[in-house]
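A.B. asks: For the sequence shown, my numbering begins at 1469 and goes up steadily by one.
Honestly, the hints are just simulated from the structure, not real lab data.
Worth double-checking, as some hints may not be accurate.
[Stated by the list, open to error] Listed below are the simulated DMTMM-like cross-link pairs for lysine to aspartate or glutamate, each with C-alpha atoms no more than 20 angstroms apart in a straight line:
id, residue 1, residue 2
1, 1512, 1550
2, 1787, 1818
3, 1472, 1683
4, 1512, 1572
5, 1560, 1550
6, 1796, 1818
7, 1560, 1504
8, 1560, 1496
9, 1472, 1489
10, 1796, 1823
11, 1560, 1539
12, 1472, 1496
13, 1787, 1736
14, 1787, 1809
15, 1512, 1571
16, 1560, 1489
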Amino acid sequence: MVHKPVLVIAEAGVNHNGSIELALRLVDVAADAGADAVKFQTFKAAALVTAQAAKAEYQVTNTGDDGSQLEMLRRLELSPADHEQLLAHCQKRGIRFMSTAFDEQSLAMLAPLGMPAIKIPSGDLTCGPLLLQAARLRQNMIVSTGMSNLADIEQALGVIAFGLVSDREPVGRDDFDAAYSSAEGRAALAERVTLLHCVTQYPAPASAVNLRAMDTMAAAFDLPVGYSDHTLGTEVSIAAVARGARVIEKHFTLDRTLAGPDHAASLEPSQLAQLVAAIRNVEQALGSSLKRPAALEVPNRAIARRSVVAARPIRAGEKLTLDMLVAKRPGTGISPMNTWDLLGRAANRDYQPDELIDS
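Given these sequences and hints, build the entire structure.
C.D. replies: Here you go:
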């Protein structure tokens, strides 16, 4: 699944704080910024975490309390009716709707909504049943790989490959390995799957990002790669595009000072617009692999390049020597690269200083 141009996903996530009004405003911000898609997160808290599951340290810091994940996530759920409103508003604003499903019921609800891809979050890279259900939808998939190594990713791709090419129930891991190794399975992955490099920390320090891992993933799995960015600012996303990312996912919010787990690591509206504009500029700047003069610079060769000119008066018939010649602009005459070819020739006419040598 290759994205041209780069697919820019504005990650609203749970930055709506459980409010459909805020969620709709986030759609507007993403559309105004020029993002390709705006993505939310869909889950039933009780299907995702146990009552005993503790918050991550960053969640405690960003929410200001040390309650359970379950309590936090229940406040951030969106209802099916909320999703209908969001989808309709996205269609009205001309931006693609996306949401990450964190449980099987949520995935079933999202499947028929025409999203550009099913998103698998980093935390569920090892959730085999959810991966299999997602793959069997036979839709495009974007798979985040935070907290993982190559072996984790390969195992996940095995489950996905099996789901893409087989309708039977797997007997064991050997089925996944066989699907991943098969030509049919690899072709299905290439058609459907993009991998996102990610560092699962909010915010993630630049020193932990390791963008070169995108190159490693692309070489190891022969799949398109992208980057899910949890750093502060925009420069790492821009660098990822320059390194070949085909998808960029970036959290954004209405206000970074709002309470909630992800606001502090998110872009504000003006920053999101700047990021999208910068990505589009970088895409154009990348160009092709050919090294040749751009059409617009060809006329400048005559201005910026030099020609061989007379360094002093030269009489017709004089044998040209190096001290008679000098290289100066404009570049409309004989190239200085041919200086040595002129030595020893008889001047074809009289030359005054700075006159272009023409023979």
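A.B. asks: Each hint should be assessed against the structure and marked as holding or not.
C.D. replies: Results of checking the hints against the structure:
no.: 1; hint: 1512 / 1550; in the structure: holds (14 angstroms)
no.: 2; hint: 1787 / 1818; in the structure: holds (12 angstroms)
no.: 3; hint: 1472 / 1683; in the structure: holds (18 angstroms)
no.: 4; hint: 1512 / 1572; in the structure: holds (9 angstroms)
no.: 5; hint: 1560 / 1550; in the structure: holds (15 angstroms)
no.: 6; hint: 1796 / 1818; in the structure: holds (19 angstroms)
no.: 7; hint: 1560 / 1504; in the structure: holds (14 angstroms)
no.: 8; hint: 1560 / 1496; in the structure: holds (10 angstroms)
no.: 9; hint: 1472 / 1489; in the structure: violated (32 angstroms)
no.: 10; hint: 1796 / 1823; in the structure: holds (10 angstroms)
no.: 11; hint: 1560 / 1539; in the structure: violated (33 angstroms)
no.: 12; hint: 1472 / 1496; in the structure: violated (24 angstroms)
no.: 13; hint: 1787 / 1736; in the structure: violated (72 angstroms)
no.: 14; hint: 1787 / 1809; in the structure: holds (12 angstroms)
no.: 15; hint: 1512 / 1571; in the structure: holds (7 angstroms)
no.: 16; hint: 1560 / 1489; in the structure: holds (16 angstroms)
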